[in-house]
Every structure is written in structure tokens, then in C-alpha cells.
Amino acid sequence: MSDVKILDGNTFVVSDDRGDIEASLTDPTGLFSFDTRYLSKWVLTIDGQRLNPLSVDDLQYFETRFFLVPGTGTVYIDAKLSVIRQRAVGGGFHEELTILNHDQKPADLEVRIEVGSDFADLFEVKDDLKKQGEYYNSVDDGRLLLGYRRDTYVRETWISATAACAIDEHGLTFSVHVEPNHEWTTDLHVTPGRGVGGHSVAQPKYERHAKHARPIMELSLDKWLDEAPRLACDWDPLNRTYQRSLVDLAALRFSPVSLPGHYLPAAGLPWFMTMFGRDSIFTSLQALPFTPELAKTTLLALGMWQGSRTDDFRDEDPGRILHELRFGEMTAFEERPHSPYYGSVDATPLYVVLLDEYERWTGDVKLVKALEHVARAALAWIDDYADLQGNGYIAYKRRNEESGLENQCWKDSWDSISYRDGRLPGFPRATCELQGYAYDAKMRGARLAREVWRDPAYAERLEKEAADLKRRFNRDFWVADGQYYAIALEADGSKVDALASNNGHLLWSGIVDKAKAKAVARHLMSPAMYSGWGVRTLSTDESRYNPIGYHVGTVWPFDSSIVAWGLRRYGFKEEAARIAAGILDAAEFFDGRLPEAFGGYPRELTKYPVQYPTACSPQAWSTGAPLLLLRTMLGLEPIGEHLIVDPALPQGIGRLELLDIPGRWGRVDAFGRGRVDVEKRPRTRLQLGVIQPEKKGGR
Amino acid sequence: MAEPTRDFFTGLAEQHQPLLEGLTGLMRFDLVDGERTEHWYVDIRKGDITVSHSGPEPDCTVTTDLATFEAIVSGKMNAMAALLRGAIEIEGRFALMTAVQRFFGVPRDMPDVPAAGYARRQS
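Protein chains in written order, with my numbering: chain A, 1 to 699; chain B, 1001 to 1123.
Be aware that a few hints might be false.
To give a feel for the contact side, a few chain B residues facing chain A, derived at Cβ under 8 Å [stated by the list, open to error]:
| hint | residue |
| --- | --- |
| 1 | Leu-1012 |
| 2 | Ala-1013 |
| 3 | Glu-1014 |
| 4 | Gly-1075 |
| 5 | Arg-1085 |
| 6 | Gly-1086 |
| 7 | Phe-1094 |
Pairs of lysine-lysine, PhoX-like flavour, derived with a Cα cap of 20 Å [as the list claims (entries may be wrong)]:
| hint | chain 1 | residue 1 | chain 2 | residue 2 |
| --- | --- | --- | --- | --- |
| 8 | A | Lys-130 | A | Lys-41 |
| 9 | A | Lys-470 | A | Lys-514 |
| 10 | B | Lys-1046 | A | Lys-369 |
| 11 | B | Lys-1046 | A | Lys-366 |
| 12 | A | Lys-80 | A | Lys-41 |
| 13 | A | Lys-470 | A | Lys-516 |
Simulated from the structure, these hints should not be mistaken for laboratory data. Ideal placement from N, C-alpha and C gives every residue a C-beta, glycine not left out.
Excised from the complex, chain B in its bound form:
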């Protein structure tokens, strides 16, 4: 059922991300789903992203429940507001989360045109 989450992470790793070129660091998302916790490791190396389910001690850990995360990546909930509410907890390098939040709620089918920046306005 974790489609939006998986889509988000695989989408992030699918291509080089110019927006993350200035960053290197390992993030771990701990997504709590009842008794179970999904771990997503996002390894950012100057715009190249690797996603996996295990890894060493991360530079930044993001903890939230799966439903909240799904709402965020699909654009129904704002990540910063959720963070201020305590619905998300962050430990470690905040900058990694600030950088990655730009990808939340951005439709996958929007063309990424580096020359023009982001997506065009939808009419």
C-alpha cells in the first residue's frame, strides 16, 4: 500500500538532481506504520541519489508515521507545518531535510527542464 512513498523515493533516485548538487549526506526516514517501521536510506552525493533500506549511521534522521509521510509526498500536507506541529521529528543535519522538502508534492509528470528551472505553469 505504500505506493506514494515508494514512488517518491524511486523517483528521487531515478535521475541526477541538480538541486541537490551542493549536498552530500545520508538521510534515514523512519516511517512508522503501527507496529512496523519502514526505513528508507537516502544517500545524497552531489546530486546523485541512492535509495535503500539499510545503511550506516545517518547524518539526519526523519521520523514520522507513514500516513503523514504519504500525505506530504503527495502534496496534501505541508512538511514544514507538520514539522512545527511535531508530526515530524528531525535529528541531525536540518539542511538535508530543507533541501529534500522541495521535492515533496511536486507531481512526477512535471518535466524537469534544468535550463528553465522547474516545471512550467499549468494552464
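Chain A on its own, in the form it takes in the complex:
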């Protein structure tokens, strides 16, 4: 039975294709809000019988419609009745239940909705843990209340209907009479009644006077799409991928409690609909030319939660930017450290990178001034708290050994950082891309200090530190016999010498010596790294390489988009275009929705990208990848008050226009023309990254 998901921010409903919810502690269906399951049972019966699905319409990401008929599920269904459940999420959820009588005679029915809630924490759903509190149910004032209490922790779900019904502690029963060719309908409301802070977590978000409840979300989606730049391209798959990305990004928006009405990108749908330092920052960077307000909210919200204490349980330091914020019971009782948890080392320098990039696009000096202290504290953290090896490099080692994260860089799986021969380094670990981010943060911080904060002495100091870091880095991380940067440095100075996609992030950061850039670019585009679809996380020549290993051989679209940006930064336009071609071709196989990762198999071998199984889709920074690739293909770069356009399009795209790009210039258009006309063969799907046979040379 397929799962149907709808959501609004961190509130979402997962049900089966009848619209029913029958969750167990380990079965991830239900109504979730603020990381808590508020409804684990929601089962519709008519005269004691379950219904059968005819079809499901996914109307929008926040709205769906189930067409059902009574019956036993045999081939022959003699449906005298049909049932429509139209469900929209917003606050809690709202369901319009309609029963149509197609018979010649009236129908008298008993319609029952059986309800229940286990109030499980998302972490409990993942890890199958037992509850420690008590449940209570009550019926009052035409409303069914489901509750859970553990000490001062209280969560409640309120359920009510517009039509007359009998309510007991386990559900609602309607005695329904429907005339021939008539219909009966009721609205059902499910609201998380008590939540964070002791009050109703959210008011249902609907327009009150509309004939049919129309979620406010839909209005804001229209506005969202309307305000984004318009794309026109003669390679049609890109238009579809672009639309898909915009809609998915809208679904991935999350409004922090502290900033109501403002949205930042959450990490993934539906299990990661919360603020993540790294994911929110990267997605904001990717989406900057399209929706700069995501970056603004990200900067404000992460700034508000910047670390201010030394707290080992949360891996918090003064100045550190958070990794993840959660609201569930286990976080409440400090069985998990996510209140918030600070265990990432890249979010802090990347915060400064985003602040500068945001100002370069938008000219929003006011925000940069308002966040001056946050940015300074973040820059101070790099030197004062992150140098765990005592050698001037950012490194990580968790202080929370119990429930903290062992790997605090984006490649956070246990085996992602290795030597060529497969050995794993010890901790603290200084991965290479972190040094690039630190360099970039200092350089960008210096620009902001000089131009906005009016502190030239600080700017000079940061530039000096950055120059020194770059010099040392190019000496200490460079693997001379391989001509690339080691993936990490151990505390004793040993180079962890595997070749990985992190080299592309180094290009993006600007830390790469000009003289070394060509060799790095050559590696990234070599058959060992570039699969034809994208850049592998780890080279095929390494002993831990595995085409379906999470961070040791798969292709991550997000990663490849950063690599493409890095290649552009060092002038490798054609290489960047080749990566864009591969990723965008792959996107078409996924109907425009790129997965988190796909297999690192060579393109010639599989002909299509092999998806890596993940629970989370769409994922924010995969959704952002096509957006960033549009930027790199068009060569969009804000310089002063202007937007520079310097297109380098892959073969197969003849014309690419991005209209109404927002920024400090108001709105401008960017145009790109292809350099090479590609013959379009009828009845053959045109792919961008397939080199035309006549160009293949001797093969």
C-alpha cells in the first residue's frame, strides 16, 4: 500500500492510499507536527466495512483527494456509493468527507472514524523506543480530545466535525441518511491542541469564507511561483526540472517559531522538516538568484540560535552555528541533544559565506549590519574553538560521546573519510573542505568588515589570516604524487590521501593555488571521478570505492552543483557545463526531482542513473542543485551593482533565458546561446551529456 504524504512546514500527514492511518510505533504513518505524532489512527468505515481506493489525486503538496468505494476488494465492485476524502494540511489537517449515493433508493449508513494517538517522538518512530508517560482521552463540548502526559510535558490532539455525530473516546460515529442521487458531507478538523510552550501550536490555516476550505498555503504557492524568475529553454526537460524544483522548494519551506511568516529551507521532506545549519545554508546559497528571502530567514534564524555557552551535551560553543533543532519528547527530556544540537563544523564558516553572498546579490546592508556580531562571533569560533588539532585547521571531535555525531562534516557516514588503502583516520579530523570554507569565510568577512562594518583593521587581520591559511593549506594538504588535495589531515600531520569530491568544494572556496587548479579540475573530470552523470563522492581508484556506498562512490547532485560552481570560479567553464549536463540529464530520469544520491556506476554501463534508496524525498539541497546549475551555466555573478552574465551552455541547449532575476539591480534578464548546434534526431530522447558520435574520436 503506497504512502501518501502531504505537508505544511513541519506538519505533515502520511497515510495509505485509502486515506487511512494505522500506525505502529515503527510504522511511520500519521499526523506529525513539531516532531511529534499527534494522530496514529484514523480509519474510516461505512457500516463496519473498510473502503477500497479507486484513485488518489495529489492536488498539491499540501492537499490530496482519495476516491473510494465500499466493498471487499474483489474484482467486481458494485458500487452504489462513492466516497471522497479531500484532505489538506495546515496547522493540523482538515478533511472534507463526502458520500454520494448513486442508487435508486435512499441509503442509511453508519459512518465511523476510529481515532487514536501514540504521541510518539520522531526519534522513537525511527528507533522503536517505548513511551514513559500516560495517555488520557475525553469528550467535551462536541470535541474529542486525545492527550499524553509525562511530568510537565503535555501534548493533545483535538478532533471535531461539522455534521452531527456521536463522539466516544475512540472515535466519531455519524448516522447518515442520503437520498437517491444526493450526497452527504462533513468537515473534520484535527488540531494539535497543546504543544510547544504550553499553547496551541498552530491555528488551522484556511480562508474562512471560501465555499470549500482553501488552505492559505495554496495562495502562498501561487505567489511563490509568480515571484520566481521565469525560465525559457529550447531543451524542454530543463523547463520541467525548473518548475519541479520551485514547487518542491516551496514544500520544503519551514517557518521558524521565532520568525512567523518567514521561511527557510528545511533539509528534507517529510522527516527532516526542521532547521539544519548546513542544509539550510547550502540550499539558501543554491537558491539565492531565485528566492533570496530564504537566505535572509536562514541567516536570521541561525543567528538567533548561535551558540553562546560551552555545553558538552549539545556540542555547543560560543559562536557556533547549530546543526539541528528538534521539538519532540526525547529532546524535551534531554534523551537527545537537539535543543538545539551544534555538532557540525562547517555550518559556522558557511554562515559567513552565505551572509556575504546574500549581500552581494541583494545589497541588503541592513541585515549585514544587524548580524555583525553574529558574523564576528562565527569568525572567532573558527580560531578559538575549532582548532582541535592545535595546528590552525578546523577539525572535529564530538564531546557528546553518547548521542552526538561522530562525523561533523557533510560526509557524515562512518567510512566516508579514509586513506587510499582504506584505513580510517582517528579523531580529531580536519577534512579539507572545512579549511576552504574557513578561508572563504575570512575573505568574505573581510569584505563585509571593510565595506559594511567600516572596520578596516579587522578586515586586514582577516585577510592576513586567510592568506596564511591558504599558504599552509596548499603545503600541508597537497598530495604531490597524485596532484590533488588529501581528503583530511590527522592530528599527527598525516595526509589522509584518498581522492574525493571535496576537491571541488576547495575550488569553490578559492583556497586552491592557481597553479594547482588545473590538476584538480582534471581529476574531477577524469573517468575515476566523473561518472557521466556527475562527480562521484570518492574516486574509483580508492579501496573504499563502492558505486552504491553512501559517501564513498555515489553521486550527490548537491555535491556536483558545488563542484560545478568551483570549476566556474577558476575559469573551467566547459567542465562546469559538462557537470550541469550530466546532472540535468539525470534529473529528467527522476521527473525533475533529483534524489539525495544515485549510484556511481559509469553512465555507459547503466544508461540511466541508479537511485540510492533513501527515506527522504524531495531533499532540499538536491532540489537546489538545478538552480545552482542554472547559475553556473549562465555564469551569473553579481559584481558591484550589476549582474554579470557569462554563459557556457552544454551541447544540446541552444537557447537559455532566465527572466526577472531579483537582486540589487531590481530585476534583470539573462540570456545564453549554445555554442554548438546539436542535431535533434526524431523519436530519440535528446540528452545533454552524451557526446555526439562524430566527436568521440577513435572509440
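Using the hints, position chain B against chain A.
Relative to chain A, chain B alone:
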């Protein structure tokens, strides 16, 4: 006996707080101590703080018992976790509380060096 609480509020008001420059709003902390409730009004105006025991209708009210609050300001308890547990209730503008929680559990003797951000690591 309410030393940590008084220290916290007077410390907050003692100097201009650059971290709160982006904020203006009135908070009231209702600290329940048995039969008695202490009211602390914190008036934030772009980083300048005034603390008093009376005031007009606040933008954000924080209600908790005095013992919980003392544990929080002295760094023994985490405010966000306490909030999720229901040990603290908040009404009104959540952003004010998010901003102020950064000062909980930060030792008073840590030098506030605006140029370098917050305090240095203790060796």
C-alpha cells in the same frame, strides 16, 4: 534567596547588549515561588535593557517556577528543553525569548569582547 535571578536581570541591564540590537519589545517573566509570583519586566530597545518589577502589557510573557528559572540562568538546565517539557510556558512573541535565551548560563565573569564575539575558550 533569589540571587541568581537578580544577578541575571541586573547583569542583562548593566550594559548595552549588541546581540539584542535588532530587537525591541517588552518581556515579562512570571516566576512562581509557592504562593508568591515575582514579576520581572525586561524592556529591550535595540540592545538597551531596562529591568523593573512593573510595566504595561508585555509582548511576550514567560511563566515558570522560580527554582526552574534559577537552574536555567545558572546554566544547570537548558531553557529550550524545559520549554519543550512544558516547564516553561511562553505567550506572545517567541523571538524575544529566543534572543534572550542566549544569555542563560553564560558566566558573568566572561569578558564580553564585541570585536571577537563572545567569550574565549576556557583552558
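Okay, the hints, checked on the actual structure:
no.	hint	in the structure
1	Leu-1012	violated, 13 Å
2	Ala-1013	violated, 18 Å
3	Glu-1014	violated, 17 Å
4	Gly-1075	holds, 7 Å
5	Arg-1085	holds, 4 Å
6	Gly-1086	holds, 4 Å
7	Phe-1094	holds, 5 Å
8	Lys-130(A) / Lys-41(A)	holds, 18 Å
9	Lys-470(A) / Lys-514(A)	holds, 11 Å
10	Lys-1046(B) / Lys-369(A)	holds, 13 Å
11	Lys-1046(B) / Lys-366(A)	holds, 14 Å
12	Lys-80(A) / Lys-41(A)	violated, 27 Å
13	Lys-470(A) / Lys-516(A)	holds, 12 Å
Of the numbered hints listed earlier, those contradicted by the structure are 1, 2, 3 and 12.
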